[in-house]
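Novice: So you can see what is in the structure, the chains are spelled out below.
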Amino acid sequence: MRLAEAVARLCISIGGAGTIAAVALIFVFLVWVVVPLFGGAGHELRNQKTVASAAASAPPFAFGVDEYRDLGFVLKHDGTLVTWRTDDGKVLDTRALFTVPRLNSVSTRSPDGDLAFGFDDGSVRLGRISFHATYADMTSRPELAEVTADRPVIVAGGQLARRTQEGQLRLTGIAVSIDEPVQLGLTAPITALDVSSHRDTTKVVALDARGEIAAARIETRENLMTGEVTVDIRSHSVPLRPRATGPPTRLFLTGPGDVLLVTWDDGILQRHDLRDVEAPRLAEEFDLVDGEGSLTAAAFLIGKTTLITGDSRGRVRGWFGTKPAEAETPDGIRFVRTHDLDAEGPAVTALASSSRSRVVSAGFADGSVKTFHVTSHKLLIDTAVEGGEPITALVIAPKEDGLMAQAGAHVAAWNITLEHPEASLSALFAPVWYEGYDQPRHVWQSTGGTDDFEPKLGFWPLIFGTLKATFYSMLFGAPLAILAAIFTSEFLHKRLKGPLKSITEMMASLPSVVLGFIAAIVIAPYVQGLVSTVLALFFTVPCAFLLGAHLWQLLPQNAYVRLSGAPRFVAMGACLPVGVLAAFAVGPFFERTFFDGDIIAWLAGAQGDSVGGWLLLLIPVTALLYVFAASRFVGPWLRSMSAGWNRPQAARFEFARFGASLVLVFATALGAAHVLDGVGFDPRGGVFDTYVQRNALIVGFVMGFAIIPIVYTLAEDALSSVPAHLRLASLGAGATLWQTAMRVVVPTAMSGLFSAVMIGLGRAVGETMIVLMATGNTPIMSWSVFDGFRTLSANIAVELPEAVRDSTHYRALFLAALCLFALTFVLNTFAELVRQRFRKRAYQL
Amino acid sequence: MTNTFRVQMPHKTEVHAGVLEEDPVLDIEGFQLWYGSKQALFDVSMRIPRGKVTALIGPSGCGKSTLLRSVNRLNDLVESVRIEGNMLLNEDAIYGPGVDVIELRKRIGMVFQKPNPFPMSIFENVVYSLRIDGERDRRVLAESCERSLRGAGLWDEVKSRLSESALQLSGGQQQRLCIARAIAAEPEVLLLDEPCSALDPIATGRIEDLIEELKGSYSILMVTHNMQQASRASDFTAFMYLGRIVEFGRTNDMFMTPHLGQTEDYVTGRFG
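Here the protein sequences line up with chains C and F, keeping their order. Residue numbering for the first sequence follows numbering that gives the first Met the number 0, beginning at 0 and increasing consecutively. Residue numbering for the second sequence follows numbering that gives the first Met the number 0, beginning at 0 and increasing consecutively.
So that you can see chain C by itself, here it is in the shape it has in the complex (with noise of 0.2 angstroms):
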């Protein structure tokens, strides 16, 4: 007997504990996923290097690193190309490329490589520069048998053979390919020029010594039956409008090609529409330093479409085109600065962008070197050259695990690791300006169609989301589960009360998939097609009870006592469908008065005048202010007036009342709704908005269908738990059933109720599958009932299986999944908290 109740003593123990202990260890388990999220860049620096043959005062024309970051290379202004071993800075090869005519200008390399060399006879050629990697065996080469473990790298031909960790041995190289060259008309020395490929068609512009600029579409066409290749050039002067300052020193052409950005070096930037090559037009004219310093150094982030700009006050920011509505430019796009990453110091000396993300490197002349990620503003890396040289190039490697920058004769290369640049609690939870929108915004758009997308995990639009569900699931569902309890726990017959409440907790085990699937396929489609109903049965379906209460009291004393048991029961019941049939009249006719005969055409802002919306909105404001005005000022006059009279005189007087509140209710609303369409508002756009099939109305429906059981549940204990002493005092004193629940009974159980409505709450916070299914999973951030949203735990379920373990993605899903547990558990845990407090007051009681 001792023994087996020591063993339930410890199998309870360890069942209490391991529950706690499980709970714990999912949170330690989401809080492991997502820390990292927010770990900071890391980085050391691998070596620095004297590489004398690339040495360069002046920025190089060209400077990069390969995938391994086994060799890096410089194309100098002489025109040659130096390539050197990163670990040891030895040259691996010099290659003069070009010497006549003379190179007098480079664009900013692409990732792949590509690039065009403008002349000093004005020509132009495209080309690239690129590593490329081949794989052999370690016997196929005689040489190639030098390698040995301890003797990994050897160098073979022009080529640096690694041995890599699977054994492999790995042969990287520079490969150069150059175009012919091409005349675009310019004769002086090409200044500066960029590229920009789409499909076959091939975007250049460049800039002569004299300031003019040319833009050429180049076209290269392959026969398929001769293999012959035709290249059409057509080429097109771009007239600047011209500054006293001199000729423009730095030409950007956007990703698609069809925006020119010139820059001078005093921070004026011109912007020039080139959608059409032959007919090129000034946009627009700004400043890109604020009339302080000049302009030291720019370059495309990936995409091409965000510049970044540094100056010489060490100011380095991002601009790109937005749209909004009051541009004044001709093509109705205006350049904005959407980022300050850096503020004043020494001047911006190099820029570098990666070309697998939004990083941007900035080197300054001080010899620092600072990494940022654009979007979010995080400053990834901070360090410096040794030395304290201006730094002259830099360039982040193409796996973004390195960064490499010259500073006179010396070459530094580091060793980074970026996880999550992209991701802050600024970027998760603040506003963010995105490229390409008008202002910041809070956007959750995780997976995109192209390579340069950007992934925006903004987290608002989801946990709005959630908010809205349960808002409108609890507006819906609170109100009827409280008041269904006060119902069965003091007024209905106590044989009547165990089933019914049964029933309503057997509604709880309804699976939720089964809920949201009837909620996407059968009520969805319904409501849509019913909208003016719907809306009508929240006016008729209450009138229809109070109606029939007005009714009940005009029947004569002794018929009223007499029936006052299951006779009031059914006709009470009765009420429900002579309130829905009353909505199929009502609806419709005040869809033709008032929303031009369909509604959902209205809600889409396509006709009709905004008077129907806001009545609407008025006639439940008008009623509750009517209700109260009605109990504070004309109540006590009317109750001093009314003393005398007798029963049947009352409630005629109290029915005749009714239908006069109801025409003055509506009469109010109604004039208010003209005078406020008079003003001009109109509820569309906010509460109301376009129709959306599966939107907040039918989860607010369904949804709260899911959370009455529990909150009907609860609440009915906490009504039932008053003890019956106090009940019975308040109907000893001549109060009615009503009058004792509402000043008794609720008060003193309201912190049950109150607890019984946070778990609901918690229930509907937590809802996937009716969310999931009854929403159109859109994550927009609009309260009107019509439209769709996407909350936390939908957005997981939907999103989890296609997200890549230990990505960004991955570990944001995580952390919405972070959110969602802390909701609930705040939200239960104050439940709880209230739950002990009513349970001590109960006690006392």
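Source of the hints: derived by calculation from the structure; they are not laboratory data. Treat the hints with care, as some may be off.
[As the list claims (entries may be wrong)] A few chain F residues facing chain C, derived, Cβ under 8 angstroms: (1) Gly97; (2) Arg104; (3) Lys113; (4) Pro118; (5) Tyr127; (6) Ser128; (7) Arg135; (8) Val139; (9) Ala141; (10) Arg180.
Just so it is clear, CB atoms sit at the ideal spot from N, CA and C, and this is done for glycine as well.
Given the structure of chain C, go ahead and fit chain F onto it with the hints provided.
Specialist: Okay, now just chain F, sitting in the frame of chain C:
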């Protein structure tokens, strides 16, 4: 040898001379009550004198509280209650097809065994009956509150903290608050259901003094278990046994010279 209990079933109430001459506030006529098939009250007939304190005594389960709750029809709330006979409150029928129970209850005050103040302020507790009548005039409420609290001898103790929770009062104070709440409605009859059974002797003493003071202004029908209390506080006493009123007379007579041996056995503590 006379120790054997005289427990034969009486058939008719022994009513002392003079009781029937009193002006009745409440007239109970042949009242019978069943809980389902179990009869709890048998042919109860008695007239409760106006402005006096009438005590109902008797052993547990004899139907005292049932009778009391029948007066303000709180028994209606119990499942399957059936009654016969009637009661008249100042000549108005309490039971009948056209009787509005709510209106009736407003005319009858009731204080329960256990103090049951509402979980609201002292003030709101006292003026509860006025509130449910829809009274909003602050002055009227305040006057009624003070009058009732004075009437219940609680005014001086609570006048400075009327807005505090009634649940903070001591048990005796709570019970006096309940009395104040009952008399605030100016009831025609006040029902006290063992008002002191949950209180300590000092608080009990105060309630008894209060009953003494209320006498005259209110007609009181009080159930008690306590012989001393009945003898001290009441003018008339009715002895109930097994659902019947056995004997009903002036308290002095009931305790000093009961007509029936059964009553004598009970009041002297030989059975009960």
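Novice: Would you mind marking each hint as holding or not holding in the structure?
Specialist: For each hint, the structure was consulted:
1. A hinted interface residue such as glycine 97/F counts as satisfied when its beta carbon comes closer than 8 angstroms to some beta carbon of chain C; here the least separation is about 5 angstroms, so the hint holds.
2. For arginine 104/F, the suggested interface contact is upheld, since its CB lies about 4 angstroms from the closest CB of chain C, less than 8 angstroms.
3. Hint on lysine 113/F holds. Least Cβ distance to chain C is approximately 6 angstroms, under the 8 angstroms limit.
4. Evaluation of the proline 118/F hint against chain C yields a held restraint, the C-beta minimum of about 5 angstroms falling below 8 angstroms.
5. Satisfaction of the interface hint for tyrosine 127/F is found here, the shortest Cβ-Cβ separation to chain C being roughly 6 angstroms, below the 8 angstroms cut-off.
6. Proximity of serine 128/F to chain C holds as hinted, the smallest CB-CB distance being about 5 angstroms (cut-off 8 angstroms).
7. With 8 angstroms as the threshold, the beta carbon of arginine 135/F comes within range of chain C, its nearest partner Cβ sitting at about 5 angstroms, so the hint holds.
8. A cut of 8 angstroms between beta carbons decides the hint on valine 139/F: the least distance to chain C is about 11 angstroms, and the hint is violated.
9. The restraint placing alanine 141/F at the interface with chain C is violated, with a minimum CB-CB distance near 16 angstroms, outside the 8 angstroms limit.
10. At a threshold of 8 angstroms, the smallest CB-CB gap from arginine 180/F to chain C is about 7 angstroms, leaving the interface hint in force.
In this structure, the earlier hints numbered 8 and 9 are contradicted, and the remaining ones agree with it.
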